[in-house]
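**Q** Make a model of the complete structure from these sequences and hints.
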Amino acid sequence: MKTLTVSVVTPDGPILEDSYEMVSCKAQSGELGILPNHIPVVAPLVISAVRLKRNNETIRVAISGGFIEVSNNQVTILAQSAESPSDIDVQRARKAKERAERRLKAKQDDIDFRRAEYALKRALNRLDIVEKR
Amino acid sequence: MASLRDIQTRITSTKKTKQITNAMQMVSASKLNKAQDNATSFVPYSKKIQEMVHHIAGRADENAHPMLTHREVKKTAYFVITSDRGLAGPFNSGILRKVYRTIQENHQSSDEYTVIVIGRIGRDFFRQRNIPIMNEIIGLSDQPSFSDIQDLTSEAVQLFIDEEIDELNIVYNHFVSAISQEVVSTKLLPLTEINQPGEQKLESMYEFEPNETEILHTLLPQYAESLIYGALLDSKASEHASRMTAMQNATDNANELIDDLSLQYNRARQAEITQEITEIVSGAAAQE
Numbered sequence: 001m002k003t004l005t006v007s008v009v010t011p012d013g014p015i016l017e018d019s020y021e022m023v024s025c026k027a028q029s030g031e032l033g034i035l036p037n038h039i040p041v042v043a044p045l046v047i048s049a050v051r052l053k054r055n056n057e058t059i060r061v062a063i064s065g066g067f068i069e070v071s072n073n074q075v076t077i078l079a080q081s082a083e084s085p086s087d088i089d090v091q092r093a094r095k096a097k098e099r100a101e102r103r104l105k106a107k108q109d110d111i112d113f114r115r116a117e118y119a120l121k122r123a124l125n126r127l128d129i130v131e132k133r
Numbered sequence: 001m002a003s004l005r006d007i008q009t010r011i012t013s014t015k016k017t018k019q020i021t022n023a024m025q026m027v028s029a030s031k032l033n034k035a036q037d038n039a040t041s042f043v044p045y046s047k048k049i050q051e052m053v054h055h056i057a058g059r060a061d062e063n064a065h066p067m068l069t070h071r072e073v074k075k076t077a078y079f080v081i082t083s084d085r086g087l088a089g090p091f092n093s094g095i096l097r098k099v100y101r102t103i104q105e106n107h108q109s110s111d112e113y114t115v116i117v118i119g120r121i122g123r124d125f126f127r128q129r130n131i132p133i134m135n136e137i138i139g140l141s142d143q144p145s146f147s148d149i150q151d152l153t154s155e156a157v158q159l160f161i162d163e164e165i166d167e168l169n170i171v172y173n174h175f176v177s178a179i180s181q182e183v184v185s186t187k188l189l190p191l192t193e194i195n196q197p198g199e200q201k202l203e204s205m206y207e208f209e210p211n212e213t214e215i216l217h218t219l220l221p222q223y224a225e226s227l228i229y230g231a232l233l234d235s236k237a238s239e240h241a242s243r244m245t246a247m248q249n250a251t252d253n254a255n256e257l258i259d260d261l262s263l264q265y266n267r268a269r270q271a272e273i274t275q276e277i278t279e280i281v282s283g284a285a286a287q288e
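Order-wise, the sequence lines are chains A and B. Note that the UniProt record's numbering numbers the first sequence so that position 32 is 32, with each residue one more than the last. Note that the UniProt record's numbering numbers the second sequence so that position 202 is 202, with each residue one more than the last.
It is possible that part of the hints are untrue.
Claimed, not checked - In silico EDC-like cross-links for lysine to aspartate or glutamate, where the CA-CA straight-line distance does not exceed 16 Å:
1) A:26 / B:209
2) A:105 / A:87
3) B:75 / B:105
4) B:48 / A:17
5) B:48 / A:69
6) B:16 / B:209
7) B:47 / A:12
8) B:48 / A:12
9) A:132 / A:57
10) B:34 / B:105
11) B:34 / A:12
Quick caveat, the hints were computed from the structure, so don't treat them as lab data.
**A** Pasting the structure below:
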């Protein structure tokens, strides 16, 4: 069976590079499922989990936005941060979640508010992935 | 002439200083290695994102996104990367001199510019001179991760999008090799270079989901942030290299000083012995 070569790249280095049968992720315009021989596509992603399928096994990778690029059965995911479940620091995510919630309650100016919102989304995403492992 | 004891004390203290500088040199050498590793692991990301930007923005209209558009410059921001600690030779002084001179030459009033600074040395420098600092980070680790500076970079980019600043220049030490670093100053925003011809690639076959403009909105800020992070990694490598060289020089100087002092010490010792012999001989001669 044909496979996709998937690489997840972040500024701190490549996180993962392997072949999978299917990639599904959440783009800004909706869910996106990618099978081998997909047409070349570029799409921005939202803070979510990328699911990589192989032999009836699914691996979930937490990403904080970024992009997916597909061409020639080569899938590249560019994200500012990405972690597989085993790399997620649960303690840190919990703390980040609490901190963000506190800030949202305090309702400061716009920039802080937006930033706290993003932080909360990232933290929830990480915790969610750890729980569903 | 200094007494034997004085010289001895100086030799001992110089030896101790040498031990310290030598240790610092070795520490910097190992940090330099790590910094270079970090820079290497950043390469795939930066290459990929650059490729994408060229692909999309290269074909897009200049007005497709505010970050691509030149506008009248009312306020310029300088993003300055320095270190937290000194003892790194000309690392900080070179960069601060350059920024200070640029500001003096190009601006009349302090409304026309602002500074975003990384590193304690830079912050103190600008504070002392009453230069407005818009944002700062100090106490960054020697191996910074992207999340450490993400807030700062996204804020800098946001300021540009909100038209608070009309130009963003980044000034940092570029790592050429372990013995040579140079101060570079580049214009980061607006992103004009990517529209230049000559970079024409094959007409892309990509399908854009949802469309190119939407993608630019997400891609360009991320690209600008990655450029800043790249500059930071570059600067960290330079810092360690610069400190390594400075400490190497200090160790060499200490060695030279110790040699000189040892020579002086031996001369003084011989002079003392000679004098003693002369005294004994003359004393004996007087007895006869």
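**Q** Confirm or reject each hint.
**A** Here is what the structure says about each hint:
1. For the hint pairing residue 26 (chain A) with residue 209 (chain B), the CA-to-CA distance comes to about 12 Å; that is within 16 Å, so the pair holds.
2. Taking the CA atoms of residue 105 (chain A) and residue 87 (chain A), the gap is about 30 Å. The hint is violated against a cut of 16 Å.
3. Proximity of residue 75 (chain B) to residue 105 (chain B) is assessed by CA-CA distance (about 15 Å); at most 16 Å being required, the pair is judged to hold.
4. Proposed proximity of residue 48 (chain B) and residue 17 (chain A) is supported: the alpha carbons are some 14 Å apart, at most 16 Å.
5. About 10 Å separates the Cα atoms of residue 48 (chain B) and residue 69 (chain A), which keeps this hinted pair within 16 Å; it holds.
6. Among the hinted pairs, residue 16 (chain B) with residue 209 (chain B) is inconsistent with the structure: their alpha-carbon atoms are about 65 Å apart, more than 16 Å.
7. At roughly 13 Å between alpha-carbon atoms, residue 47 (chain B) and residue 12 (chain A) fall within 16 Å of each other, so this suggested pair holds.
8. The straight-line distance between the Cα atoms of residue 48 (chain B) and residue 12 (chain A) is roughly 14 Å, inside the 16 Å bound, and the hint therefore holds.
9. Taking the CA atoms of residue 132 (chain A) and residue 57 (chain A), the gap is near 13 Å; set against the 16 Å cutoff, the hint holds.
10. This hinted pair does not check out: residue 34 (chain B) and residue 105 (chain B) have alpha carbons roughly 38 Å apart, beyond 16 Å.
11. With a C-alpha separation of about 13 Å, the suggested pair residue 34 (chain B) and residue 12 (chain A) falls inside the 16 Å cut-off, and the hint holds.
Hint violations for this structure: numbers 2, 6 and 10, all remaining hints satisfied.
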